[in-house]
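S.K.: Using the sequences and the hints, build the whole thing.
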Amino acid sequence: MILLGISLIALRLCLWHVHFDKTDKRDLKFLEKREAVTGMHCANDRSRWSTVVALVHHGTFAIDKIDRLRGKAGNWGTIDKVYHIDSRGTERFYSSKPPLYNLLLAAQYWLLNKTTGLNILQQPLKVIKLLTFLNQSLLFITIIVLLARIAKPLLTDKRLYALYLFAIIFGTFLSTFAVTINNHIPAALFSLLTVLLCRKLTVQPHSSVGYAYVGFSGAMAVTFELPALAFLGLIGIWCLALDYKRALLFGLPAILLTFGVYLGVNKIAHNSWRPPYAHRSDGEVVEVLSFEDGNSLIQGELPDNLDLLSESMPGMGNYRIEEHPTEGRWRIFDFSNNVRYALVRSESTYEIRTWDNWYDYEVDGRRSYWLPGEAAGVDLGEASRITYLFHIVIGHHGFFSLTPIFIFSFFAMIKQLKVSDSFWKPLAQITLAMTAVLFIFYTLRPLQDRNYGGVASGFRWMFWLVPFYCLFLAHGILRVRKSFFLLVLLLVAILFSVYSAHHAFLNPWQNPWPYHD
Numbered sequence: 001m002i003l004l005g006i007s008l009i010a011l012r013l014c015l016w017h018v019h020f021d022k023t024d025k026r027d028l029k030f031l032e033k034r035e036a037v038t039g040m041h042c043a044n045d046r047s048r049w050s051t052v053v054a055l056v057h058h059g060t061f062a063i064d065k066i067d068r069l070r071g072k073a074g075n076w077g078t079i080d081k082v083y084h085i086d087s088r089g090t091e092r093f094y095s096s097k098p099p100l101y102n103l104l105l106a107a108q109y110w111l112l113n114k115t116t117g118l119n120i121l122q123q124p125l126k127v128i129k130l131l132t133f134l135n136q137s138l139l140f141i142t143i144i145v146l147l148a149r150i151a152k153p154l155l156t157d158k159r160l161y162a163l164y165l166f167a168i169i170f171g172t173f174l175s176t177f178a179v180t181i182n183n184h185i186p187a188a189l190f191s192l193l194t195v196l197l198c199r200k201l202t203v204q205p206h207s208s209v210g211y212a213y214v215g216f217s218g219a220m221a222v223t224f225e226l227p228a229l230a231f232l233g234l235i236g237i238w239c240l241a242l243d244y245k246r247a248l249l250f251g252l253p254a255i256l257l258t259f260g261v262y263l264g265v266n267k268i269a270h271n272s273w274r275p276p277y278a279h280r281s282d283g284e285v286v287e288v289l290s291f292e293d294g295n296s297l298i299q300g301e302l303p304d305n306l307d308l309l310s311e312s313m314p315g316m317g318n319y320r321i322e323e324h325p326t327e328g329r330w331r332i333f334d335f336s337n338n339v340r341y342a343l344v345r346s347e348s349t350y351e352i353r354t355w356d357n358w359y360d361y362e363v364d365g366r367r368s369y370w371l372p373g374e375a376a377g378v379d380l381g382e383a384s385r386i387t388y389l390f391h392i393v394i395g396h397h398g399f400f401s402l403t404p405i406f407i408f409s410f411f412a413m414i415k416q417l418k419v420s421d422s423f424w425k426p427l428a429q430i431t432l433a434m435t436a437v438l439f440i441f442y443t444l445r446p447l448q449d450r451n452y453g454g455v456a457s458g459f460r461w462m463f464w465l466v467p468f469y470c471l472f473l474a475h476g477i478l479r480v481r482k483s484f485f486l487l488v489l490l491l492v493a494i495l496f497s498v499y500s501a502h503h504a505f506l507n508p509w510q511n512p513w514p515y516h517d
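The sequence shown: position 392 = 392 (the working numbering), numbered continuously.
Keep in mind the hints are simulated off the structure, nothing from the lab. A hint or two may mislead.
Lysine-lysine pairs mimicking DSBU-like chemistry, simulated, CA-CA at most 30 Å apart [what the hints assert, rightly or not]: (1) K425 with K152; (2) K126 with K72; (3) K200 with K65; (4) K65 with K129; (5) K425 with K200; (6) K114 with K72.
M.R.: What follows is the structure, encoded as structure tokens:
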């Protein structure tokens with residue numbers, strides 16, 4: 001069964017950008033040789049691959065040169081980018097993705113390039129498909145093998161075990177995304193490893209190195225999915241309950257070391273300790289102007305009391321005011337100091353703020369997709385939080401509606417809460433808690449973030465919980481095995497889940513089948 005899953009993933013990897021639909025306008029550019037095929041699926045993975053090229057061939061995290069490539073070189077442009085000054089004070093484009101994973105990919109490509117001579121710009125299909133297989137497909141297979149090993153002692157009936165394998169291999173969105181570079185599968189693997197290491201600690205609670213492994217694995221999960229920080233906190237409580245001294249002496253340093261590397265790479269890449277998506281609003285107020293002085297500044301006239309700005313904005317004299325699509329907001333660029341500011345009109349004054357919105361730019365015709373009036377479709381965001389919650393739970397992007405086998409997992413977790421087991425009970429508590437936390441967290445996000453994860457075949461921000469639900473699916477199958485009616489429901493749920501997962505057979509980066517713009 002596992003070999004069949006590997007074969008299907010390999011087939012999907014090979015078919016993408018090999019098979020084209022002559023009736024699809026998007027494919028015509030490839031059929032007519034107007035654009036080279038690359039193996040990349042969308043702006044999301046192009047953002048990561050652009051950084052890989054920039055690091056290996058240009059020695060920088062900045063993607064300015066790569067982002068411009070089109071046509072015969074393939075499409076390397078992405079909307080998932082930010083614009084900010086580098087350490088030398090020059091404004092550059094960067095991937096909006098956390099840089100640690102991009103650096104790991106770049107290290108692999110550098111080794112591949114040096115040993116085989118393969119060049120990603122000249123042979124993008126070979127390089128991208130190979131590295132995708134190593135970094136996604138193999139990780140997915142590892143997840144499946146680990147899940148299969150845990151479930152085998154539970155499902156002694158070979159038919160039920162085969163049914164379980166079929167469900168977890170073909171019926172989740174991890175299989176869907178195993179053919180494209182993304183952060184969700186690595187996050188899922190490290191999350192699974194974390195709980196399995198905790199399982200080992202329940203048997204050997206005094207293993208010092210075990211706590212270090214848990215700390216490292218849990219912290220790595222956070223580097224791929226920041227909301228997993230809550231998961232790490234719950235894992236920490238579990239470990240503290242087992243042996244608080246070893247948890248603090250060995251687990252905590254492993255966490256801090258991992259986070260130190262993550263933040264250090266971010267500092268090197270962006271000259272900031274905060275990741276790109278933490279730079280989405282204006283900075284602190286550096287000056288407050290009266291309405292009269294603010295209007296003068298907008299009209300290109302420096303206020304008479306410019307000396308008031310000498311400390312907060314030293315040397316400002318040669319500047320440009322840029323219009324902004326948001327009413328009551330302007331960009332100020334100070335050419336004398338190569339510094340950008342935000343000018344914001346309030347009820348009675350104007351505020352000049354430090355520039356900290358890296359997603360706000362208009363450069364050489366490249367206008368940020370995230371500016372007002374630019375985004376379209378699902379990226380516009382869901383206005384109603386109640387509607388959003390409905391759709392991410394049981395609606396067109398529903399975690400349970402698109403993968404109904406998880407309903408059986410959910411009820412199995414509820415049952416495990418009543419069982420005195422040193423592994424399954426705390427895992428059920430953690431999984432249920434994280435499910436609730438994630439649903440609430442994403443529902444409470446601002447409008448621009450209530451976009452279902454953008455164009456993707458499922459609600460991808462919860463994919464890292466999939467291995468936990470797969471673990472409990474084995475218990476769910478055990479509980480329904482004696483009921484013909486429930487077994488039929490399970491079979492229907494499996495088939496439905498497989499359909500949802502493989503509706504986006506070649507390209508995972510498309511909307512779920514029930515969703516329509």
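S.K.: Against the earlier hints, flag every one the structure doesn't satisfy and list their numbers going up.
M.R.: 3
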